[in-house]
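Protein chains: 2
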Amino acid sequence: MKRIFEIDPWKVITHNFDPKDKRLQESMTAIGNDYMGMRGNFEEGYSGDSLQGTYLAGVWFPDKTVVGWWKNGYPKYFGKTPNAPSFIGIGITVNGEKIDLAKVKFDDFELALDMHQGLLTRSFVYEGKDVKVKFEFERFLHIIQKEAALIKVKATVLEGHAKIDFDSTLDGTVVNEDSNYGDRFWIPLGEDKDEKTIQVKTKANPYDVPQFTVLLKESLRHNGEAVNGDVTTEDAKLSEKFSVDLNENESYELEKDVIVVTSRDVEDKDQPAVADNLMKKLQSKSFDENLADHTEAWKKRWETSDVEIAGDDAAQQGIRFNICQLFMTYYGEDKRLNVGPKGFTGEKYGGATYWDTEAYIVPMYLAVTKPSVTRALLQYRHDQLPGAYHNAKEQGLPGALFPMVTFNGIECHNEWEITFEEIHRNADIPHAIAMYTDYTGDDSYVKNEGMDVLVGTARFWAARVHWSKWRNKYVMHGVTGPNEYENNVNNNWFTNTMARWLLKYTLERLPLATKEAQERVHVTDEEKAKWQDIVDNMYLPEDKERGIFLQQDDFLDKDIRPVSEIEDQRPINQHWSWDKILRSPFIKQADVLQGIYFLNDEYTMEQKEKNFDFYEPLTVHESSLSPCIHSILAAELGKQEKAVELYQRTARLDLDNYNNDTVDGLHITSMSGSWLAIVQGFAGMRYDHNQLKFNPFVPEGWDHYSFKINYRGRLIEVYVDHEGTKLTLLKGEDLDVLVHDKKITLKEGETTNA
Amino acid sequence: MKRIFEIDPWKVITHNFDPKDKRLQESMTAIGNDYMGMRGNFEEGYSGDSLQGTYLAGVWFPDKTVVGWWKNGYPKYFGKTPNAPSFIGIGITVNGEKIDLAKVKFDDFELALDMHQGLLTRSFVYEGKDVKVKFEFERFLHIIQKEAALIKVKATVLEGHAKIDFDSTLDGTVVNEDSNYGDRFWIPLGEDKDEKTIQVKTKANPYDVPQFTVLLKESLRHNGEAVNGDVTTEDAKLSEKFSVDLNENESYELEKDVIVVTSRDVEDKDQPAVADNLMKKLQSKSFDENLADHTEAWKKRWETSDVEIAGDDAAQQGIRFNICQLFMTYYGEDKRLNVGPKGFTGEKYGGATYWDTEAYIVPMYLAVTKPSVTRALLQYRHDQLPGAYHNAKEQGLPGALFPMVTFNGIECHNEWEITFEEIHRNADIPHAIAMYTDYTGDDSYVKNEGMDVLVGTARFWAARVHWSKWRNKYVMHGVTGPNEYENNVNNNWFTNTMARWLLKYTLERLPLATKEAQERVHVTDEEKAKWQDIVDNMYLPEDKERGIFLQQDDFLDKDIRPVSEIEDQRPINQHWSWDKILRSPFIKQADVLQGIYFLNDEYTMEQKEKNFDFYEPLTVHESSLSPCIHSILAAELGKQEKAVELYQRTARLDLDNYNNDTVDGLHITSMSGSWLAIVQGFAGMRYDHNQLKFNPFVPEGWDHYSFKINYRGRLIEVYVDHEGTKLTLLKGEDLDVLVHDKKITLKEGETTNA
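Line by line, the protein sequences give chains V and C. The first sequence: position 749 = 748 (numbering that gives the first Met the number 0), numbered continuously. The second sequence: position 38 = 37 (numbering that gives the first Met the number 0), numbered continuously.
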């Protein structure tokens, strides 16, 4: 655990600069506008250790697979969001000395991400020979005009005289640290000194993955007037230089406006003209006017999604940081996109789509965005069904297998124990169809496109199990469950349970599907009978005596002991060799408990409690996706202290660098976990069988908390303090909800005590 | 299965040249002299698909590890025998046309490896415009003067006139196809035009692995006279050109003598002088005189090791090919060396030391070479104990863990399921100590150095098991058995059995060790008690009803069906994705049966039969190490037809390319399996409890077979035909042996019928 930013309810702010935490700081001050994003790199450059990163949503590159030992069925490439051309560069030299915080003397450092308006600011006082200059930076990525990045730097001479040379750059010569073969992913297409543009294209590839073209255009302003410096170019680079002379107490403000267009939206040849128009539009307003528009749009986002926590600023900061970073990554405004595990904050995991989206993002986004956003996420998978069929075929199996990691539906992960075995995803992903249908009450998706997904995955599962004569049951061998600290196990309870659920749900929903869908999927009676047989005879390992489900066959053969015995060796993934991790009883991430969470209403409180009591002490939570699930179950079981402890771990995972890996980027897809921990955990929200329910409590030490949810056309505010719960129907038709199992009728504009 | 060479008892010969089989042909015509070796590349060059390969024993390079996803504990490098500078090159141009069998017209092709004398010959008739020239090549690596390679080419003009340009080369600009990062492993140190030498050095590395320097020197002769062509050099390359003019029926014979010295034997600066002396020594005799010496030495090797099979030339060719290739790889004359799985025949597996040596090479070499050879192989591991301690520490465990793959004792393999889990090697390797002691009757090793090995590995095993409260037994989780088609299993019967054996044997032998050894290893009473407890309470999975040992926990949960059901999908490692292989019941390589083979006298015939009948139908034998073990057990069980079928698969594995992978090189370490199948299988040789025993039969279709063994200072010939068995004590003191459980006394010079 390491906390390098101060506690503040609306800001991520620090007054320290420690070079050894530079990467961590960069991750934490990443900004994005769900079209593009970037790490908190410095405009003026930085020669010390740093991870330079700019990323464009939906722009990717298939990097040829690298493995030590090839296994049949491995994908040919790993899809990566390439580090995009960098456009923040404003080199600064004062009286001949280059400003570089790795080298120069400076003081009064401040770095802050204002979460309320998605604005990154930074300031410091440079102390040169006979001169002191204060530099103040502001930077944001416009959430209305998504192609626009705006940067402002203000220099104020505090002492002496300063000749300041600025060098504004666009730089397409960037590389990915994680490039498999050290390749550059971008090739230069051309630069234009007059238009101040550079255009680059992703390298050709042999995998039929489209090449992406990107054009960047810059324009400088000073007090609303165009600044035209001396422009030079080289391959994939543009530099615009000019100087100012400032005396003591004088200051100079430079605005850098940038437009980024990609071939996702604009054909290569049209990019210059489109960028030009976009720049004109942007510059029809001043920096401050643009910022005001942007801030207003952020305000609207917060109005329906803010979670307020009174009495615990650390918890408050955590949840707002998470919501802010999530919205900076994905707000559902471009249906072609999805949510990468690290968003726009780092290279790790390649920036593609994982099962995290359905398991963690969907349940939150159902409540904080419009239903169409979630539906688009479902449709995204439907569109990728051809890839899923391809993946199953690679494994010699029928049906559809959704990938672990993808941009286009085709699997690109290459560890056999994950690629081929962590197949629970193939039930978790369709499970979002059920969540969507239950929460929204809209069954039009499951009746149509959803049925293609259900039947495709059902066919995979029916072939992936086999009949064990020995057990007289259907079994499933060679899988990796959500707990990736076990590989290639047999009869993982979670996977078997979810596969069974998928088959059952498909059988239930199939007769209700549209005629067209039924004809399209064409499930034979024989298939239905087989599926039903699997549902009826799936082997689910359990220990009846202990009243627990067994994570996998022979789990009790392990040397079972609590995590508390190995505190000095955590995180174990940074201390132990892989075999030691595998044979230990320690659990990376909720596994049996993940299943109980997903299918919550199928288990009794006694079952939940016994399993929680058995598995939680074994869980190291070294996946960011883990603690929220445990927190929600702990809350349901009345284990409030545990629920809060696990909430903190979720909400401040990155802010406090719990897993010592935030240098690589933020854990974007698990950030929704903190929202779920409050809403499904502390407030106990459930929505099964068309009934919205709450079972709230306030954690000790908190005064109150409140949040808002969209539910079937209504906007509801839930406010919980130590007196009880107040529900306000801000918008929409009357609704009956259960609070602590008591029915309450909400009416528009009214607040009801419960 | 693919057979591209003709059947011949002493030759591997073909009259066909099919470019698509070039690599396969090159593997099969590899030659070596246990100092260096090379694939069957063509002297004149070949522009089609080919794997150029020359290898120097004990010269290696640590190639930086490449993996898709790093796991804690992975080694930093993979040790590889670099493709060494090539010295066979004799470029040939006839009337301006370069001879290149990928391009020119030719006829009367013949290629033959004469196994009796380790000589490679090749001839063809080139048909150019108005010219026909016959070329005849001879090549051998001298087994007395190991640094010497001798090549002869004879050109005879059959039609027309030929101006022939020769270009004899030494070429250090070679690369490894399997280089992880496409690096060249050699850097040039210098060339000398007068001395006709090139000197190269392996690239620097950050792993404390010594750099190797190699010097090559060439000298050309014609009819015993020096030929001095026009020498040019460039970095790491030397070329010596000259021409001859030949009229019809004239011929010209060119001899190329090469000396190769390495820094393993000669310091860099002394290499030119040493090479010069060696060249002088070599050239004190003609090519034919040198070949005669070499052939005489080979004859001596064959005299004590030939296996004769009458009535089945394919079987005869197979066993001789295997013995010849084994001896070309390793004859025990350099104690610093070991036996790489592909010897000098390809790049795959990196050319290092595997557990194959102890499990497959030792039991044969005990009988066909002097005891000192096997003892040196044991000592090799003792010398590498520091590496083994390092490996255990990398896994967070005490004691010593011998590596899967190594040059220096430090593990260099990098698949977690092998590196960390295929640990049965750590009992198989010490098991050779018991074999040596039992066979030779010499207990001086086990009492001294051997005790360090036994106690080091015992300490590893005692920590690697854990107590299962559930089973009330010691268990071992997360291992890969010899059957690598199962990964990360629990309680692999073989591994548990061998670990238990190791602890038991160590406890038995410890009190008999020298005082110094006992003091050195310092085993406490507490340790002994713990080891005994593990011996007494090790969990060994079995199915009592079926009377079989279970390969691992829950093996019967699989969809058990015989290999015969999937004949069309074999080899499965080339048809199925890895997960499908893992969850199938199919066995790559003897696993339970390997254990029964190792500890043969611990099991009843009923146990052997039941396990054989259960596991053999499940075994695909896709490891070259598998069929011999099954053959030996089949022979013991009287299943003669099966024994012969499996012998053929072992003996002709490469000759018939059974596993469709001989293009990569020969399966050197499994070649001893064919010898074992005859001697331990068909002849039923056993040597437990100081008693040499035989239980011979002759396979149907064979007339007779015979072989010789060294046994405790004696040389014994065993001859088996359909009449019975004849034993001849060629040398040594009287010996009582059991044949079909009947005692027979052998006397020197006498043949005894049994």
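In case anyone wonders, no lab produced these hints; they're calculated from the structure. In this text the structure is predicted, and so the values were computed from the model without any measurement. Honestly, I wouldn't trust all of these hints.
With beta-carbon atoms standing in for the labels, derived distance ranges [claimed, not checked]:
#: 1; chain 1: C; residue 1: V174; chain 2: V; residue 2: A225; range: 53 to 63 angstroms
#: 2; chain 1: C; residue 1: P561; chain 2: V; residue 2: E176; range: 30 to 40 angstroms
#: 3; chain 1: V; residue 1: K102; chain 2: C; residue 2: H574; range: 33 to 43 angstroms
#: 4; chain 1: C; residue 1: D567; chain 2: V; residue 2: Q531; range: 49 to 59 angstroms
#: 5; chain 1: C; residue 1: E176; chain 2: V; residue 2: G189; range: 36 to 46 angstroms
#: 6; chain 1: C; residue 1: V174; chain 2: V; residue 2: N471; range: 56 to 66 angstroms
#: 7; chain 1: V; residue 1: N471; chain 2: C; residue 2: Q606; range: 42 to 52 angstroms
#: 8; chain 1: C; residue 1: V124; chain 2: V; residue 2: P397; range: 48 to 58 angstroms
Beta carbons: idealized from backbone N, C-alpha and C, even for Gly.
Now the hints, each set against the structure:
1. V174/C - A225/V: 53 to 63 angstroms: holds (56 angstroms)
2. P561/C - E176/V: 30 to 40 angstroms: violated (50 angstroms)
3. K102/V - H574/C: 33 to 43 angstroms: violated (59 angstroms)
4. D567/C - Q531/V: 49 to 59 angstroms: violated (32 angstroms)
5. E176/C - G189/V: 36 to 46 angstroms: The hinted range 36 to 46 angstroms holds for E176/C and G189/V, with Cβ atoms some 39 angstroms apart.
6. V174/C - N471/V: 56 to 66 angstroms: holds (57 angstroms)
7. N471/V - Q606/C: 42 to 52 angstroms: violated (28 angstroms)
8. V124/C - P397/V: 48 to 58 angstroms: At 56 angstroms between Cβs, range holds.
Checked against the numbered hints listed earlier, the structure breaks hints 2, 3, 4 and 7; every other hint is satisfied.
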